[in-house]
Amino acid sequence: MKPFALALATSVIALMSANGSALAQTAGGVIDVATIGEPPTLDPMASTADLVGIITQHIYETLYTFAEDWTATPLLAADMPQISEDGLTYTIPLRTGVTFHDGSEMTSADVVASLERWMRIASRGKQADAVIETVAATDDATVTITLNTPYAPLLSLLSLNNAAAIIIPEENAAQDPLEAYVGTGPYKLEARVPDQYIQLVRFDEYASRDGEPNGFGGARLQYLDEIRFVPVPDPNTRVEGAVAGQFAYVDQLPVEAFDRVSSGATEPVVLAPFGWPVFVMNTQEGLNSDIRVRKAIQAALAPEDMLLAAFGSENFFAVDGAWYPEGYVWHTETATEPYKPAGDTEAAKALLAEAGYSGQPLRILTSRQYEYHYKMAQVAQAYLEAAGFTVQMDVVEWATLTQNRANPALWDIYITHSPFLPEPSLMGIMSDTSPGWWATDAKHAAVNAFNAESDPTKRVALFEAVQQVIYDEVPAYKVGNFNALAAQSPKLEGVTVSPWPYFWNAYLTE
Amino acid sequence: MLRAALNRLLGMAIVMALVVTIVFIIVRVTPGDPAAVMLGPDATAADIASLRQRLGLDASIPEQFVTYLGGLLRGDLGTSIFLNIPVAQALWLRAEPTFFLTIFSLLIATAIALPVGVLSAYWRGTLFDQAATTLAMLAASIPSFWLGLIFMQVFAVQLGWFNTSGFGGPGASFAERMHHLVLPAFTLGLISSALITRFTRAAMLDVLNDDYVRTARSKGMGEWRVVVRHAFKNALIPILTVVGLTAALLISGAIVTETVFGLPGVGSLIVSAVLRRDYPVIQGALLVVAGLYVLVNFIIDMLYLLVDPRVRY
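Quick note, the sequences are listed as chains Y and R, same order. Reading the first sequence from the start, the letters are residues 775 to 1284 in my numbering. Reading the second sequence from the start, the letters are residues 16 to 328 in my numbering.
It is possible that some hints are incorrect.
[Stated by the list, open to error] Computed Cβ-Cβ distance ranges for the label pairs, DEER-style:
hint, chain 1, residue 1, chain 2, residue 2, range
1, R, 89, Y, 965, 46 to 54 Å
2, R, 157, Y, 1273, 21 to 29 Å
3, R, 82, Y, 1207, 53 to 61 Å
4, Y, 1213, R, 78, 51 to 59 Å
[What the hints assert, rightly or not] To spell it out: a stretch of chain Y is covered by chain R in this simulated footprint if at least three of its residues, at any positions, have a beta carbon under 8 Å from a beta carbon of chain R; those stretches are:
hint, stretch
5, 839-848
6, 970-977
7, 1005-1013
By construction, these hints were calculated from the structure, which means they are not laboratory data. A quick note: this is a predicted structure, and the numbers were derived from the prediction, not measured. All C-beta atoms in this analysis are idealised placements derived from N, C-alpha and C, irrespective of residue type, glycine included.
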């Protein structure tokens, strides 16, 4: 079996194990998980960083979470919400007998205080705050959220694990920054030594949901005694740690290390697809405020070569213009005709001439924090220059990029990436205030209709209109899909392959 | 000697004042925003502005400088934006790996460099000298991250004698923690030994032909006694200088080596603070490092007075 096929088989086996088909689960054991660094905070409301979500999802829980098929499923809520016919009132029944790590029992007062904190602090909470009229406790075990306009993404926002609507004790909800790391999750924080380890231990009073595990939802089984997240910021060191078998799980390895990891003590795990690299256009100011220039860029770029340069082997990427890949309910090929795998230089030249382009530099803001961003930028530069653009590469380090992208005077394109988020409304370009500042009538018509519709089937159809307007107005250019590589000890089972790996349900075998 | 010490102390105070000012300015004019890093990739401009206000980063730079100086005068280095603990505490938590890594690296470096340097000078022009000089040149040219990765592959991955990274988990004993330092200490020790070897050799060559060495030999003194008691002792000043500077560099955090081996030391703290723009940690760490550097130089200067009574400041 080829190494890549072996890894995919490993991934499938891991998925099957997570669904309860494994037979030899034994309680006990400690695992070390190598992560890409020290999280900036242990308050998942305060950050949208994936690393924060990966670690803290073991400590805190939300009212809802995502099932295996990425639909929302209850977690601390007892059931799905009752939504009024006008879509403005969500009545959420809460589970009873759920205990916080400090021994107190969760009530609706904790939930209300937590959601109010989320709306005050979390970026996704602030997004929801714009449509939330009130959050109120109907009784000890029921919470009612009243909206000023129908807003279908609410459940997804309440389910996500970053900028997350975690439920914490009411008395801690005033803390900002959070100082007491008390949640209801299956593991509680035992110790944190920055840049050395974050030690989580099993929470013995944990109240798991009944039934079988189902993605992030369903039963959460606590086989492991301890989970230790160990920051290993250097990717080469993570690779060597994986090869040596020092860790039970190693997150985020460079894909080019696949063969080396395959020959070591841990097995490669491929998440295919993981996410999408994207060129975000500055629609507010400068060259790209002209839609014709953005269309010329769309025509000029050759994603096949860009992805090949970035990821080295076709095993690790897919040339795909759809904003969601096959396998996601949101997948549609609508409007993807302008996405040309090899680019269309002649079409780009014509569009550029039509725009009256006179050689102003097209500024691409990127960094080498993620080497594949930089490699894609280099290939893009060649294709854009072939189409007649003058390209200026502004290569800065990541902290500078995150600051500069907020200033529309400083860039025309910036490069980033994202995992495939379960809810399209969470994508950056869907917000008018996200860098790129895409805000047109056509967008608002498509996005508002999508956000207002609560029927899942109708929403799928409405997303086609959203993808159509994205291709029509080019606020961003999705380059394709890429896979992620991790490594897992053969002794560790029950881990579901995920962009946010979690270790409840995981267990060690002899 | 007291006057010399006082003069040096005054100079140290001026240097430290300059360090405080320059580091503060450099950190503030460097692009990058701790609030944006902390809030993550999907944070809005309004979120970032709100966090900046809470962190006091919306005040003017002179205002921030005055607040910072006020804290320093009270002995307060500030609070880490990301770790949410006092900077002094953050540094103290990182002191152990850096301190012992420095000691072990220095021991390894001097244990290799002093005998090799002395013998190389004594047997000048021989095969031993040529081999030692070549190896020293090679060691000085090897990047520490590369040597570290090679050691990691051989001794951690292939032989399994050591961990690839880290400083021990919860409850790790002192011996276990020190075990994690073996590979990084050899990495740094070997590389540092190159410079000390070359200085030792050069210093010994200077003194081996001096009259007092010839006189000692003519008195019938044993050869090794001549070399060690007379020549080596008089060659100590330049050697002491380079050993001291190496120690100061290592204390300041063997940044690359600590990063490669995932050691939670001062060097890796500085790297992560720079990447996150954790201003208080950058300022505090560089201030302490500069202080230690200046202190080591002060100690070396004072040692000169003890080693060589002819030295006057």
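Structure-based check of all given hints:
no. : hint                         : result
1   : 89(R) / 965(Y): 46 to 54 Å   : violated (30 Å)
2   : 157(R) / 1273(Y): 21 to 29 Å : violated (38 Å)
3   : 82(R) / 1207(Y): 53 to 61 Å  : violated (31 Å)
4   : 1213(Y) / 78(R): 51 to 59 Å  : violated (35 Å)
5   : 839-848                      : violated (count 0)
6   : 970-977                      : holds (count 3)
7   : 1005-1013                    : holds (count 6)
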